[in-house]
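Line by line, the protein sequences give chains A and B.
Residue numbers for the first sequence, in our numbering: 21 to 257.
Residue numbers for the second sequence, in our numbering: 21 to 257.
Please keep in mind that the hints were generated in silico from the structure rather than gathered at the bench.
Any given hint could turn out to be false.
Intra- or inter-copy, both count: the list cannot distinguish identical chains.
Claimed, not checked - In silico EDC-like cross-links for lysine to aspartate or glutamate, where the CA-CA straight-line distance does not exceed 16 Å:
no., residue 1, residue 2
1, Lys-95, Glu-200
2, Lys-151, Glu-106
3, Lys-80, Glu-232
4, Lys-151, Glu-115
5, Lys-80, Asp-231
6, Lys-151, Asp-247
7, Lys-80, Glu-45
8, Lys-29, Glu-73
9, Lys-29, Glu-62
10, Lys-69, Glu-26
11, Lys-30, Glu-73
12, Lys-124, Glu-147
Fair warning: this is a prediction, and the values are worked out from it, not measured in the lab.
2 protein chains.
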Amino acid sequence: MNSKCEQIKKQLIDMIDQGIYRIGEQLPSEIHMSKQFQVSRETFRGALKMLEEEGRILVKHGVGTFVIRPLPPIKSTLERLHSSSEMIRSAGLTESESMISLAKLPCPEEAAERLGIVSGTPVYILERIRKANDEPVMLSINYLPVHLFGIGFEQPTFSGSLLQFVESKLGVSVNRADTEICVPLHIDRNCQQLLQYPQTTVLLLKQLHYDEGNRPVFYSLDYMRNDVFTFHLRRTR
Amino acid sequence: MNSKCEQIKKQLIDMIDQGIYRIGEQLPSEIHMSKQFQVSRETFRGALKMLEEEGRILVKHGVGTFVIRPLPPIKSTLERLHSSSEMIRSAGLTESESMISLAKLPCPEEAAERLGIVSGTPVYILERIRKANDEPVMLSINYLPVHLFGIGFEQPTFSGSLLQFVESKLGVSVNRADTEICVPLHIDRNCQQLLQYPQTTVLLLKQLHYDEGNRPVFYSLDYMRNDVFTFHLRRTR
DNA sequence: CAGTGGTCTAGACCACCGC
DNA sequence: CGGTGGTCTAGACCACTGC
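When you get a sec, could you build the whole thing from the sequences and use the hints?
And the structure:
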């Protein structure tokens with residue numbers, strides 16, 4: 021994508037970084053700027069809209085547009101949907117080993133409810149302990165309805181992302197997920213496998229993944245060590 | 021705001037709900053539809069864009085636009101910035117009492133670093149235990165730089181939202197926050213005050229709030245009982 | 001190739017703000 | 001009131017997809 025809007029946006033960022041427009045300063049009017057950049061006003065406004073969403077400018081109706089202080093870069097973000105593998109990489113870790121167990125079993129109640137299937141329907145349950153530097157850092161349990169993943173799941177050859185596997189081998193693209201963030205109880209068996217040190221705490225992400233038609237694809241429990249992973253979020257009103 | 025785009029959007033949703041356009045079905049082309057609704061194509065596309073962001077339609081370049089299954093409503097969301105008071109209300113609770121302590125003290129290191137001030141700079145530290153049904157459900161600690169909140173903070177009369185107070189009394193509008201989600205250690209003093217029952221767990225939100233110019237305004241630690249509050253998030257690729 | 005959505009345009013008019 | 005941003009328009013041309 022190299023739309024004119026994006027080009028203008030980059031130019032504006034460069035100009036701000038170079039100090040041509042300073043923080044706090046008001047930009048010339050949209051009509052003026054669009055003529056200067058030799059694009060239509062709507063196109064120029066497209067660039068402004070992106071900058072506004074990124075929090076680099078403040079647009080005041082009837083007043084003007086102002087350059088503001090850029091927000092600090094965010095480390096890892098929960099806003100975008102990433103695979104667990106990506107989260108491990110973005111934590112600066114290299115996944116060393118992952119113990120896998122795969123079984124076809126009746127679906128437990130919680131997963132069934134979230135998936136919108138009848139409790140007891142057969143699902144593949146994929147369980148992985150993921151290690152970095154020979155230490156367990158994450159435990160994932162995935163519930164995949166057999167009726168969606170019939171064949172092609174008998175001898176899966178993962179070395180990484182389940183999202184990618186599902187996408188490439190089964191042609192199902194996962195675009196969205198509903199995530200519940202919770203703190204597991206200490207007596208939770210799964211949680212205990214990660215509690216290595218006294219200062220270790222564990223966070224649990226319960227996620228329902230949807231395909232492009234918003235149909236539930238699989239449900240997952242991701243137990244993640246909070247002394248290894250950080251969870252950030254930029255919230256807006 | 022009652023722009024034409026929004027009106028068209030509502031009409032489309034109504035038509036989908038009424039079954040005029042069914043899930044999975046392809047909509048007529050944009051040109052066709054815009055004529056039918058008697059608006060320009062760009063205006064009609066504005067409505068489509070909103071529906072796409074809400075996950076109600078799937079737009080495929082060169083192919084067409086399709087109605088998809090609506091996502092389930094989300095309970096409480098972390099995506100948008102709300103005050104703690106709002107979070108309590110949206111959990112279906114009524115705040116009964118809040119014990120307040122306010123002191124002017126040198127800023128501790130972590131808060132100072134996040135606020136971008138020198139450790140030891142004087143800050144107001146506002147600490148509140150918030151109760152519902154006579155039980156503590158949340159503990160908030162707020163760090164507010166004295167140089168921003170000089171006067172007007174000596175005898176604050178809260179009964180609710182700090183965000184609202186800061187906005188109305190001091191004229192600073194808070195638009196964004198960077199939030200880190202973490203699990204406190206069990207030996208954390210603040211956390212312990214909320215651990216009422218064996219099945220109680222506590223989640224900690226560390227938040228840096230920015231004004232409309234992206235200047236840090238205050239830093240807060242919110243300890244929240246996870247058996248009382250749920251934390252949801254809709255993630256997109 | 002025909003039909004779809006994606007982008008851009010030049011211009012119009014409206015809504016808001018400060019003087 | 002004049003200047004700003006917000007919305008809408010009719011039309012053009014491009015990019016992608018499936019046949």
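Quick rundown of the hints versus the structure:
no., hint, verdict
1, Lys-95 - Glu-200, "between (20 Å within a copy, 10 Å between copies)"
2, Lys-151 - Glu-106, "within (14 Å within a copy, 39 Å between copies)"
3, Lys-80 - Glu-232, "between (36 Å within a copy, 11 Å between copies)"
4, Lys-151 - Glu-115, "within (6 Å within a copy, 43 Å between copies)"
5, Lys-80 - Asp-231, "between (38 Å within a copy, 14 Å between copies)"
6, Lys-151 - Asp-247, "within (14 Å within a copy, 30 Å between copies)"
7, Lys-80 - Glu-45, "within (13 Å within a copy, 40 Å between copies)"
8, Lys-29 - Glu-73, "within (12 Å within a copy, 22 Å between copies)"
9, Lys-29 - Glu-62, "within (13 Å within a copy, 21 Å between copies)"
10, Lys-69 - Glu-26, "within (11 Å within a copy, 18 Å between copies)"
11, Lys-30 - Glu-73, "within (14 Å within a copy, 24 Å between copies)"
12, Lys-124 - Glu-147, "within (12 Å within a copy, 51 Å between copies)"
When each numbered hint is compared with the structure, no violation occurs for any of them.
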